[in-house]
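J.: Sequence:
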Amino acid sequence: LSDLYVQLHWCVQQANEQLARSGTNCLENLVISNGLKFGEDTWAKTCQCVLDMFKCTIPTDLLTWTHTPEVENVRPGILKRSNSTFSVHSNNSITSDDIALSKMGSMFTALLIKCVVQLELIQTVDNIIFYPATSRK
3 LSDLYVQLHW CVQQANEQLA RSGTNCLENL VISNGLKFGE DTWAKTCQCV LDMFKCTIPT
63 DLLTWTHTPE VENVRPGILK RSNSTFSVHS NNSITSDDIA LSKMGSMFTA LLIKCVVQLE
123 LIQTVDNIIF YPATSRK
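Just so we're aligned, residue 3 is where the sequence shown starts under this note's numbering, counting upward by one.
Incorrect hints may have been included.
Below, in silico cross-link-like pairs of lysine to any residue (SDA-like), each with a Cα-Cα straight-line distance of 25 Å or less [claimed, not checked]: (1) 39 - 68; (2) 57 - 15; (3) 47 - 64; (4) 39 - 53; (5) 39 - 52; (6) 39 - 130; (7) 47 - 34; (8) 39 - 4; (9) 39 - 17; (10) 39 - 11; (11) 57 - 42; (12) 47 - 30; (13) 39 - 49; (14) 57 - 34; (15) 57 - 23; (16) 57 - 32; (17) 47 - 68; (18) 39 - 118; (19) 39 - 63; (20) 57 - 118; (21) 57 - 21; (22) 57 - 17; (23) 57 - 120; (24) 47 - 31; (25) 39 - 110; (26) 47 - 131; (27) 47 - 66; (28) 47 - 36; (29) 47 - 107.
Derived CB-CB ranges, DEER-like [stated by the list, open to error]: (30) 107 - 35: 36 to 44 Å; (31) 57 - 18: 28 to 36 Å; (32) 68 - 128: 30 to 38 Å; (33) 41 - 111: 21 to 29 Å; (34) 12 - 124: 31 to 39 Å; (35) 20 - 50: 23 to 31 Å; (36) 128 - 24: 25 to 33 Å; (37) 17 - 66: 17 to 25 Å; (38) 4 - 68: 39 to 47 Å; (39) 43 - 108: 14 to 22 Å.
Treat the hints as calculated values from the structure; they're not laboratory data. Backbone N, C-alpha and C define an ideal beta-carbon position, used for all residues, glycine too.
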């Protein structure tokens, strides 16, 4: 079971929303299906796994993010004219502003995934605790 928890923990750490959702869903199904058979030690490991998942997906960068002036004049959706007459996708049309926007977009995508995982974990805990079939027992 410990190896499975390590694998599920790995899933939620990846920058892939579907993989992270699958990890939390597997954890939820495992606990709902087998929780009645868990002993005290297994419950302690399960709770620690959930806690570790919460800790590693806290979007702390949201608390420290600051606006960077180098992309201040860039507005998404506004095309810039380049010297190239052949293709919009030529190397001449890529600017440092485009790269900065791409990096910022990647950062926000990673933060969004962490927020989604946090929500999924909250729903998982809610479903485990208040799942109709298990909450009656």
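J.: Are the hints correct? Go through all of them and say.
T.: Status of the hints after comparison with the structure:
Between residue 39 and residue 68, the direct Cα distance comes to roughly 48 Å. Violation of the 25 Å bound is thereby established for this hinted pair. About 10 Å separates the Cα atoms of residue 57 and residue 15, which keeps this hinted pair within 25 Å; it holds. A distance of roughly 29 Å separates the Cα atoms of residue 47 and residue 64; the hinted pair therefore is violated under the 25 Å criterion. Between the alpha carbons of residue 39 and residue 53 the distance comes to roughly 21 Å, so the proposed pair stays at or under 25 Å and holds.
Of the pairs offered as hints, the one joining residue 39 and residue 52 holds, with about 18 Å between alpha carbons and a cut-off of 25 Å not exceeded. Of the supplied pair hints, the one linking residue 39 and residue 130 holds, its CA atoms being roughly 14 Å apart against a limit of 25 Å. Restraint check for residue 47 and residue 34: satisfied, since their Cα atoms lie roughly 15 Å apart, inside the 25 Å limit. Taking the CA atoms of residue 39 and residue 4, the gap is near 16 Å; set against the 25 Å cutoff, the hint holds.
For a cut-off of 25 Å, the pair hint linking residue 39 to residue 17 is broken: about 33 Å separates their Cα positions. Restraint check for residue 39 and residue 11: satisfied, since their Cα atoms lie roughly 22 Å apart, inside the 25 Å limit. Restraint check for residue 57 and residue 42: the C-alpha separation of about 22 Å stays at or below 25 Å, so the hint holds. Of the supplied pair hints, the one linking residue 47 and residue 30 holds, its CA atoms being roughly 14 Å apart against a limit of 25 Å.
Annotation: proposed proximity of residue 39 to residue 49 holds, straight-line Cα distance about 15 Å (limit 25 Å). Under the criterion of a C-alpha separation no larger than 25 Å, the hint pairing residue 57 with residue 34 is consistent with the structure, at around 22 Å. Only pairs whose Cα atoms come within 25 Å are accepted, and residue 57 paired with residue 23 is accepted, the gap being roughly 16 Å. The suggested pairing of residue 57 with residue 32 holds, with an alpha-carbon distance near 21 Å, which does not exceed 25 Å.
Taking the CA atoms of residue 47 and residue 68, the gap is about 38 Å. The hint is violated against a cut of 25 Å. Between residue 39 and residue 118 the alpha-carbon distance is near 30 Å, which puts this suggested pair outside the 25 Å criterion. A C-alpha spacing of about 39 Å is found between residue 39 and residue 63, which places the hinted pair above 25 Å, so the restraint is violated. At roughly 14 Å between alpha-carbon atoms, residue 57 and residue 118 fall within 25 Å of each other, so this suggested pair holds.
Distance check on the hinted pair: residue 57 and residue 21 sit about 18 Å apart at the alpha-carbon level, within 25 Å; holds. Note on residue 57 and residue 17: the hinted pairing holds, with a Cα-Cα distance of about 15 Å set against a maximum of 25 Å. Of the pairs offered as hints, the one joining residue 57 and residue 120 holds, with about 9 Å between alpha carbons and a cut-off of 25 Å not exceeded. Proposed proximity of residue 47 and residue 31 is supported: the alpha carbons are some 16 Å apart, at most 25 Å.
Between residue 39 and residue 110 the alpha-carbon distance is near 41 Å, which puts this suggested pair outside the 25 Å criterion. The straight-line distance between the Cα atoms of residue 47 and residue 131 is roughly 16 Å, inside the 25 Å bound, and the hint therefore holds. Of the pairs offered as hints, the one joining residue 47 and residue 66 is violated, with about 32 Å between alpha carbons and a cut-off of 25 Å exceeded. Using a Cα cut-off of 25 Å, the hinted pair residue 47 and residue 36 holds, with the two alpha carbons roughly 14 Å apart.
A C-alpha spacing of about 36 Å is found between residue 47 and residue 107, which places the hinted pair above 25 Å, so the restraint is violated. For residue 107 and residue 35, the Cβ-Cβ distance of about 39 Å falls inside the hinted range of 36 to 44 Å, so the restraint holds. Residue 57 and residue 18 have their C-beta atoms about 19 Å apart, which leaves the hinted 28 to 36 Å range violated. Checking the proposed 30 to 38 Å range against residue 68 and residue 128 shows it holds: the Cβ atoms sit about 34 Å from each other.
Checked against the hint of 21 to 29 Å, the C-beta distance between residue 41 and residue 111 comes to roughly 40 Å, which is inconsistent with it. A beta carbon spacing of about 20 Å between residue 12 and residue 124 contradicts the range 31 to 39 Å that was offered as a hint. A hinted range of 23 to 31 Å holds for the C-beta pair residue 20 and residue 50, which are about 25 Å apart. Checked against the given bound of 25 to 33 Å, the beta carbons of residue 128 and residue 24, roughly 18 Å apart, lie outside it.
About 19 Å separates the C-beta atoms of residue 17 and residue 66, a value consistent with the hinted range of 17 to 25 Å. A C-beta distance of roughly 40 Å is found between residue 4 and residue 68, which places it inside the suggested range of 39 to 47 Å. Distance hint check: the CB atoms of residue 43 and residue 108 are about 40 Å apart, inconsistent with the given range 14 to 22 Å.
Hints 1, 3, 9, 17, 18, 19, 25, 27, 29, 31, 33, 34, 36 and 39, counting from the list given before, are not met by this structure.
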